[in-house]
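Peer 1: One letter stands for each residue in the lines below.
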Amino acid sequence: ETGVTQTPRHLVMGMTNKKSLKCEQHLGHNAMYWYKQSAKKPLELMFVYNFKEQTENNSVPSRFSPECPNSSHLFLHLHTLQPEDSALYLCASSQEENSNNEQFFGPGTRLTVL
Amino acid sequence: GENVEQHPSTLSVQEGDSAVIKCTYSDSASNYFPWYKQELGKRPQLIIDIRSNVGEKKDQRIAVTLNKTAKHFSLHITETQPEDSAVYFCAAENYGQNFVFGPGTRLSVLP
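Chains as they are written, first to last, in the working numbering: chain V, 1 to 114; chain A, 115 to 225.
Derived by calculation from the structure, the hints in this document are not laboratory data. None of these values were measured; they are calculated from a predicted model. A hint or two may mislead.
Capping the alpha-carbon separation at 35 Å, the derived lysine-lysine pairs in DSBU-like fashion look like this [to be verified]:
(1) V:K41 with A:K185
(2) V:K22 with A:K182
(3) A:K171 with A:K182
Same shape as in the complex, but just chain V:
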């Protein structure tokens, strides 16, 4: 599928590793989001970028570090994670204008921290 893509789709890492998740949107949107989806929990918003500027950091631990080099790309850098960080990480994008709009989700990265 096109629209919003994420790589890798699956990632297994140790607690001392450093890895990065990548998201790319091909929709011409100006806002991008990182969500964490854990079992039996609501989708948790982590970070929001509007026009490449971070506008939201939802009390996320510093071991998660986002980067938005342009309006089409979003990264999530991971280091010294904990086993409880294992989850599905979803990227989304939307066109923020003068009204609320649909968020388009990527397929997610299934992260397992050993």
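On the provided structure of chain V, position chain A as indicated by the hints.
Peer 2: Frame of chain V; chain A shown alone:
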């Protein structure tokens, strides 16, 4: 901030029956209410949404109703089919804020 509750957490219906999922929200300023469907192993996808200036919206077998006074909105699926089996998430948003999602409802449509 906004808080969204969703009920039931699981729902099983017979094929052909109707399913109703209800969400409540706390922020009276919220004005956009989307519903997402997430099939097993797939991404959430928007199935229907409603804005605060409308009380009801319908798209084929799916409808959403909004009661702003009571601060609740509901998803109605009629003539359910096995492919409707998925997790459904509601969300509420006040423009300029961010989506707050409900915890999800796992719908199973039994043949």
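Peer 1: Hint by hint, say whether it matches the structure.
Peer 2: Tested hints:
no., hint, in the structure
1, V:K41 with A:K185, "22 Å, holds"
2, V:K22 with A:K182, "39 Å, violated"
3, A:K171 with A:K182, "14 Å, holds"
Consistency with the previously given hints fails for number 2 only.
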